[in-house]
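There are 2 protein chains.
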Amino acid sequence: MKTGYREVKQALLNRLRAGEWPPGAIMPGEVQLAEEFACARVTVNRAIRELADEGIVRRRRRRGTEVLGDRGRQARLTLHQARQQVVGRGQVYAYRCLSQRRLVAGAGLAQRLEIPTGSALRALRCLHLADEQPFQLETRWICLKAVPEAAEQDFTAEPPGEWLMRLKPLSEAEHRIQAAAARPPEAARLQMATGAPLFVLQRRTWWRGDPVTWARLLHPGDAYELVVRDGV
Amino acid sequence: MKTGYREVKQALLNRLRAGEWPPGAIMPGEVQLAEEFACARVTVNRAIRELADEGIVRRRRRRGTEVLGDRGRQARLTLHQARQQVVGRGQVYAYRCLSQRRLVAGAGLAQRLEIPTGSALRALRCLHLADEQPFQLETRWICLKAVPEAAEQDFTAEPPGEWLMRLKPLSEAEHRIQAAAARPPEAARLQMATGAPLFVLQRRTWWRGDPVTWARLLHPGDAYELVVRDGV
DNA sequence: GCGTAAGTTATGTACATACATAATGAAGCA
DNA sequence: TGCTTCATTATGTATGTACATAACTTACGC
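These protein sequences, in sequence, are chains A and B. If you read the first sequence in the working numbering, its first letter stands for residue 1, the second for the next number, and so on. If you read the second sequence in the working numbering, its first letter stands for residue 1, the second for the next number, and so on.
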């Protein structure tokens, strides 16, 4: 039976689901599977490579393909800008820059951003609104060493996230998601009660290894959720 | 210059980062790039395919390869079982099953689980501890139609998440992450104040389209965070 | 002018072949 | 025994070729 890599992949997935090769087991080699499916080895290779990319199996030279068991559920998360999230909900987006200034990094900031103390930064505080209601409170620092253009940029019209995305669209990022209690100034900005739950997303990004920005994005906890749907 | 697909991919990424092809632009075709890099078309194909998999470009037949701009940041999220998270932190894991019983789905449950009203379910409430401290409060329903073995299974020794993972290791899943205020019973179980922030992870899974389980995992907000690090 | 058929084009996939690379074990030697 | 060397093996990658497929363009018939 002449087969494409998709069919091979699906067939292998079905067998894995059926428990034919339990976690920890070594699957048959590519040549053997190619023979069984009556296809070229490259075809099997591609099928298994995709399974490996998805974290279902692990491939090692000479060892073969091992079925992974205790791996966690994997999901592909996509994080959008506030504007996209708001218009995606069918609401009207608005943006306000609450403050923007320059400063030099103190010890705490320097440590969080992994930069030397005294580095020049741009500090911003912005509010994103959905249908006139506070949607996200953004606190952001931008390293002027990595992004000197940010020193003179005026962020009253354009959110810094979108501006950065346009300037440096491809960078590495680290995201941290937490739940926290709103402190008084945050609660006031977001028009919620002090101590009420906040959804907190912190994002740090790098550009070729250099720290670019650190953002803390706060959402009122009762109005926000992150949804990830993903066939394993 | 004889090149491998990794080099081609990196070279293309560099040009994309340099803004050579702005978002919305159509990149040169595979044949042209193959000629430029002095390699086979398939090599360029693989390089660009990986960029497409990562959400950086979009490929369409006859149209060519379009550079995406407004896409959100992507990250690969891995969600582990409570046990793995706890031992990963270097703490001692413990598990307690607070209650387990059978019931039939009422209207609300049926809707949330996307099953007919009256379906047989197993309902569980469990507590996961880290160093004797409450770490996660789990509320779970298991559809007996999809997992009949769960009807008689005793979950006092093994957490249902791990048991299910062993039984049905590969299923589709939907995750929802929220921040919420702890209600009195939850707060008591987790030894925290009523109204304090909770990190809420809800997970629904399917097995070949059939709903399998719905879990609500609550973490004290001040002691939990989800970290995702990912080069774009 | 309008709809349909045929042609064009870029990506998508399959295959045979060849060689590269990492990991493992066995043979050979001090 | 302990070490190096070499053969083995499964995966990793590159290439030329061929054909498939989707989508756009043009030509044709009416």
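Quick caveat, the hints were computed from the structure, so don't treat them as lab data. Among the clues, some could well be false.
[Said to hold, decoys possible] Quick list of the computed label-pair ranges, beta carbon to beta carbon:
1. A:Arg96 x B:Arg102: 52 to 58 Å
2. A:Gly24 x B:Val227: 36 to 42 Å
3. B:Pro148 x A:Pro184: 49 to 55 Å
4. B:Arg60 x A:Ala123: 28 to 34 Å
5. A:Arg112 x B:Arg102: 45 to 51 Å
[Claimed, not checked] The calculated lysine-lysine pairs, modelled on DSBU-like cross-linking and capped at a C-alpha distance of 35 Å, are:
6. A:Lys168 x B:Lys168
7. A:Lys145 x A:Lys168
8. B:Lys145 x A:Lys145
9. B:Lys145 x B:Lys168
[To be verified] Which residues of chain A face chain B? A partial, calculated answer using Cβ under 10 Å:
10. Leu13
11. Pro28
12. Asp53
13. Lys168
14. Arg229
Beta carbons are placed, not taken as given, at the ideal position from N, Cα and C, and that holds for glycine.
* Asked: For which of the previously enumerated hints does the structure constitute a violation, in increasing order of number?
  -> Result: hints 2, 4, 6, 8 and 11 break, sorted rising.
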